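J.: Could you put together the complete structure from these sequences and hints?
Residue numbering for the sequence shown follows this note's numbering, starting at 81 and increasing by one per position.
Keep in mind that a hint or two might mislead.
Stated by the list, open to error - Computed list of lysine-lysine pairs in DSS-like fashion (alpha-carbon distance at most 30 angstroms, straight line):
#1 Lys384 x Lys532
#2 Lys408 x Lys384
#3 Lys462 x Lys384
#4 Lys462 x Lys532
Since the hints were derived computationally from the structure, they do not count as laboratory data.
Note that the coordinates shown come from a computational prediction; the quantities given were computed from them, not determined experimentally.
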Amino acid sequence: MRGVQREDGAPRLAPTLSTTGSPAKAEARSSAGRACFRRRLLALLLAVPGLFTAAPGLVVAPTALLLGALGLFAALPAAADVLVSNLGQTTDDNFTQSYHPTRQEDTSGSGRFLQWSLVISLDRSNLAQQFTTGSNSQGYILDSIELQLTRQNANRRIVVVEIWSSSNSGTPNAKLHDLTGPAIQPAGTNTLTFTAPANTVLSANTSYFVVFYRGPSRGSDLLNRASTTPTVTASASEDSSGLSGWSIANRLQYNYYFFDGVERDGNGNILWSNDANRAFQIRVNGSVVPGEPTGLTVTPGNAKLDLSWTAPTGTVTGYDVHYTSASKTGSSAVADDAAVQTGNTATAATGWLAVTRSGTTATQAISSLSNGTTYRVRVRAKKSSVNSAWVFGTGTPKAPPAAPTDLDVIGVEESLTVTWTASTSTGSAAPTYYEVAFDVATNAVTELRYTKRTESGTATSLTIDSD
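T.: See below:
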């Protein structure tokens, strides 16, 4: 763990080792009247494959599976949302010029108390500001942290920023992530951005700390100082641009090390003070991890699978759809969360393949598949480059059955009976139902407007009534 550099022999910042969890068609009807129905009907019998039906066994409604978040998220979007901020609140300069009630300039008891600007200077204290995430069950992706800092000179020690977990007592507990700051941290009061590593996940309803301190020395004398103080606000409010449920703690925290090194309690734990009754001004940027799609349905067809699903709530910018014929068990197993294959040699038998698609339509046809082969499919939602968990399904494409033969039509008063010889296809290729298409005789076969289906794939007749 990277520690805090100190001036004049201050020891490194050493956090406790404990961590907290983050953690069918329209009904038949006659448009030409009963007379036309009796005398001028043209019937066409169609054997329909399983791709036109939602028969049990052919439509799969898979159970959604939530995978480990870190393995599923892609690179962060270029422009993140504001998750929470208090940078828009009024900066309290009067407070920083006021005096701490107990901390003195030296240990001699001179009675000269320190201004708060010195107590919370990075040359005297390690600093921390707590924030709490919202309730999105999928969590959040952290993009960056912004701090408002006042620096006397750009060539002084830089500011180092980290994300820490929170202890049960509400103090910084253990470092989770190093953030990358700007190479040059200029003089004056500026808002500086510190970028989180890719795929940094923040759990829902969880408190974290932005911990910041001075970096390594840049030389002697003034170059050994940070000469940096963060701005504070007395406001307990957050900026209106943040997400619902997020908050920033109303009290900053600091670990004073100037005289005796890192302050610790009787058990050797780092001692964090929160007696300032002010908050450091920060902005937390990132993205909401979208929820996964629901109700994934896989309908087999001739050398294809038709997928449909229900979009999650919130903003979605697209979907990833992958498929594979590989098993997830055995010597050539391909795991549910395995990376998608790339390159010209990739096949469905060796791993996941991506379907080329764009837009936010919650349907997808996967074509050029092998009939009789079972395929696994997975779908996830995307918001910019942030991905949801996968949902999974399976389906087996099948060729259409052989057409029925010996079609016969018998017309009687106000009804029509159609008979045929059943399709010769059996097993998985057998039809699941038959469909009769009909209309007045003046319409072309390709333009028949009415249809009626049998209830099963074993029927050899169908009666159509005028109503």
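J.: Each hint: holds or not?
T.: Hint check results:
Distance check on the hinted pair: Lys384 and Lys532 sit about 25 angstroms apart at the alpha-carbon level, within 30 angstroms; holds. Between Lys408 and Lys384 the CA atoms are separated by roughly 21 angstroms; this keeps the pair inside 30 angstroms, and the hint holds. For a cut-off of 30 angstroms, the pair hint linking Lys462 to Lys384 stands: about 24 angstroms separates their Cα positions. In summary, the hint linking Lys462 to Lys532 is not supported, as the alpha carbons are separated by about 40 angstroms, beyond the 30 angstroms threshold.
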